[in-house]
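Student: Letter by letter, the chains look like this.
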Amino acid sequence: MTNSPTTTETWQTKAQRIADAVRLRVLDHVLKNNGGYMSQACSSAETFSALYTKIMNLGPSVSPAVPPPFPGAPSASNPHYFTGAGYNGAKAPNLDRFIFSPAHYALVLYAVLIETGRMSAEGLEQFNKDGSTVEMIGAEHSPGCEVTSGSLAQALSQATGIALARKLRGESGRVWVYMSDGEFQEGQTWEALQLMTFYKLDNMGVYVDINGQQCDGCMCDVLDIDPLHTKLEAFGMRAFSVDGHDLNALAAPAELPRDGRPLIVLAKTDPCRGLPRLQSRAPKLHYLRFTSPEEREGYAQDYAAMTNGGK
Amino acid sequence: MEILTKVYAKTFKNWAADKPEVVVYSADLTSSVEVDLFQKAYPDRFFSMGLTEQHMHSMAGGMAREGFFPYIHTFAVFIYRRSYDQICNSIAYPNMPVRLVGFLPGILTPGGITHQAIEDVALMRALPNMTIIEVGDVTEIESVLDSVQAVNGPVYLRMLRGEVPRLFDASEPFQFNTARQLSTGKDITLFSSGISTEESLRAASVLKERGVEINHLHISTLKPFSDPAVLEAASAARKGVITFENHTIVGGLGSAVAEVMAENGVGRKLTRLGIPDTFAHGASRPYLMKHLGLDALALVRAVEKLIGENLNIHEEDLQAVRLQAVHSTSKAEAL
Numbered sequence: 000m001t002n003s004p005t006t007t008e009t010w011q012t013k014a015q016r017i018a019d020a021v022r023l024r025v026l027d028h029v030l031k032n033n034g035g036y037m038s039q040a041c042s043s044a045e046t047f048s049a050l051y052t053k054i055m056n057l058g059p060s061v062s063p064a065v066p067p068p069f070p071g072a073p074s075a076s077n078p079h080y081f082t083g084a085g086y087n088g089a090k091a092p093n094l095d096r097f098i099f100s101p102a103h104y105a106l107v108l109y110a111v112l113i114e115t116g117r118m119s120a121e122g123l124e125q126f127n128k129d130g131s132t133v134e135m136i137g138a139e140h141s142p143g144c145e146v147t148s149g150s151l152a153q154a155l156s157q158a159t160g161i162a163l164a165r166k167l168r169g170e171s172g173r174v175w176v177y178m179s180d181g182e183f184q185e186g187q188t189w190e191a192l193q194l195m196t197f198y199k200l201d202n203m204g205v206y207v208d209i210n211g212q213q214c215d216g217c218m219c220d221v222l223d224i225d226p227l228h229t230k231l232e233a234f235g236m237r238a239f240s241v242d243g244h245d246l247n248a249l250a251a252p253a254e255l256p257r258d259g260r261p262l263i264v265l266a267k268t269d270p271c272r273g274l275p276r277l278q279s280r281a282p283k284l285h286y287l288r289f290t291s292p293e294e295r296e297g298y299a300q301d302y303a304a305m306t307n308g309g310k
Numbered sequence: 000m001e002i003l004t005k006v007y008a009k010t011f012k013n014w015a016a017d018k019p020e021v022v023v024y025s026a027d028l029t030s031s032v033e034v035d036l037f038q039k040a041y042p043d044r045f046f047s048m049g050l051t052e053q054h055m056h057s058m059a060g061g062m063a064r065e066g067f068f069p070y071i072h073t074f075a076v077f078i079y080r081r082s083y084d085q086i087c088n089s090i091a092y093p094n095m096p097v098r099l100v101g102f103l104p105g106i107l108t109p110g111g112i113t114h115q116a117i118e119d120v121a122l123m124r125a126l127p128n129m130t131i132i133e134v135g136d137v138t139e140i141e142s143v144l145d146s147v148q149a150v151n152g153p154v155y156l157r158m159l160r161g162e163v164p165r166l167f168d169a170s171e172p173f174q175f176n177t178a179r180q181l182s183t184g185k186d187i188t189l190f191s192s193g194i195s196t197e198e199s200l201r202a203a204s205v206l207k208e209r210g211v212e213i214n215h216l217h218i219s220t221l222k223p224f225s226d227p228a229v230l231e232a233a234s235a236a237r238k239g240v241i242t243f244e245n246h247t248i249v250g251g252l253g254s255a256v257a258e259v260m261a262e263n264g265v266g267r268k269l270t271r272l273g274i275p276d277t278f279a280h281g282a283s284r285p286y287l288m289k290h291l292g293l294d295a296l297a298l299v300r301a302v303e304k305l306i307g308e309n310l311n312i313h314e315e316d317l318q319a320v321r322l323q324a325v326h327s328t329s330k331a332e333a334l
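As they're listed, the protein sequences go chains A and L.
Residues in the first sequence are numbered consecutively from 0, following numbering that gives the first Met the number 0.
Residues in the second sequence are numbered consecutively from 0, following numbering that gives the first Met the number 0.
These are calculated hints, taken from the structure and not from any lab test.
In this text, a Cβ means the ideal position worked out from N, Cα and C, and glycines have one as well.
Hints should not be assumed to be uniformly reliable.
As the list claims (entries may be wrong) - One-sided and incomplete, this derived list gives chain L residues near chain A with beta-carbon spacing under 7 Å:
hint, residue
1, T51
2, Q53
3, Y92
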């Protein structure tokens, strides 16, 4: 981990420290590689941090600290294939599972795994390198990933199958899904929600990054999905809308006793959180690539300030 | 010829009795795809998915990761056309043991273009990790499930329902990736699959009478396609090779045979019988078979062309191998 934890710190202090470190690590990566999914780190850092430090009941990583190279595509004749699920701990009836959906957030997920001690910082050096599993668009062999989700909306459905299986087996562990708001434009997401409520899969909990951004710009201009909360409730979901940078607000819905309805938490976030300079690029925030040395220098100064000044 | 009804329904229900890990996903066509007997017998293992084919496939992939074997049941066309992406990413890539059981393939449905799965084999064949099986008669329906379940990965099963003939002796069960020799001969090698095998048998005796020797192999495993008997039979044909399938001639059995022949330098003429790269429309099975060249007479004409002879065979010469009960209680073609 970047910073040393103290034994007396609260979970909130720890989670905020991790969230800050995730933003910093992703910015560092973006500076070194002249590009990356920066706004996603800004919007989602607290949600990921709350999930990994408070909400999810995960065991320690059972995967190598430095991710192994790509073992070849899965097939009946390839016994060497593995998934990245081991970074989220062993599978056990009482433990939770984490299903990561927006595959382009992979850089953020890798940073979270590093800051939570589940992957070595060295692993990120393999990011987007040929032959590596630390892919730019995560797939199921990538650290922290369990299913292949780059064709958006398929992870929620796959998680539904996992949750149904666990319910049939009477397992107490829950299935957490992390999604982006753009995925609610996909019809399959709404198919999945129907099945989740029909089969009363209250062992499922979904956290959604409501950053209002997609590749072409603001979702309000590309295809508005509001009122999402109302729609979800109409579909029978137990929906909560919270400030996605408020750790207590993020964690609270997960503490509630299960009531038969699948849980969904809409984490309203700021895609420029912690890095105000990004706002100058609005509404095109999907991918940060520096257009000039001066622009890059500005972000380098931000990095220096964030490193020296704590937050 | 023995004609039986609801063969799949009974077979699957009995087969699944001692397999608690086998679950069924059904997309609102439960009795139309003969999985109603399973539903009644094992309601706890039956999951109604409504009309959510895309979600259904991904969910099955997820459940398969947990050690279950989801058997998806719907019309063949609804399995692949709308939700190919989900089959690819949620099932085929991770090599999940999901079984996709598709009913009313090709022109077996009068439902028209929206209901006719005419390019399913082509698309499924193009997917790495996918196994494709098409049954041709009662015996194969009765004996195929153990082979399906033994596959380590996804399986697409092109299934028959309603009234189905028993073409093959019950003592000769389905064998995976193994062509079934139905006749031997040196003039023409014929590879047929699905209902085209029944149609081929209709023409067989007349062709024999006219002195044409047919080496006839019934193909029920379309992928993998590595039975050495295929190459051997294609190489031995004196006048040419014919493929015959209830599918477009692009990408299915005909293409699979062409690939084997070309890769092995088999210099024989190849005639691909099937739906001739066209869409069909809503009509009866006999009409569509005649109209599209999927009937016994189409096979005779293809044989005549390859051997360069007019065999003077007419519709009335082709004896009816299949006898339909007049007062049928089964839904042979209805939706």
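Student: If you take the shortest Cβ to Cβ gap from Y92 of chain L to chain A, is it below 7 Å?
Tutor: 6 Å, holds
Student: So, as I understand it, the hint says Q53 of chain L touches chain A; can you test that by seeing if any CB pair is closer than 7 Å?
Tutor: 5 Å, holds
Student: Quick check on T51 of chain L please, does its C-beta sit within 7 Å of some C-beta on chain A?
Tutor: 4 Å, holds
In summary, this structure violates none of the numbered hints.
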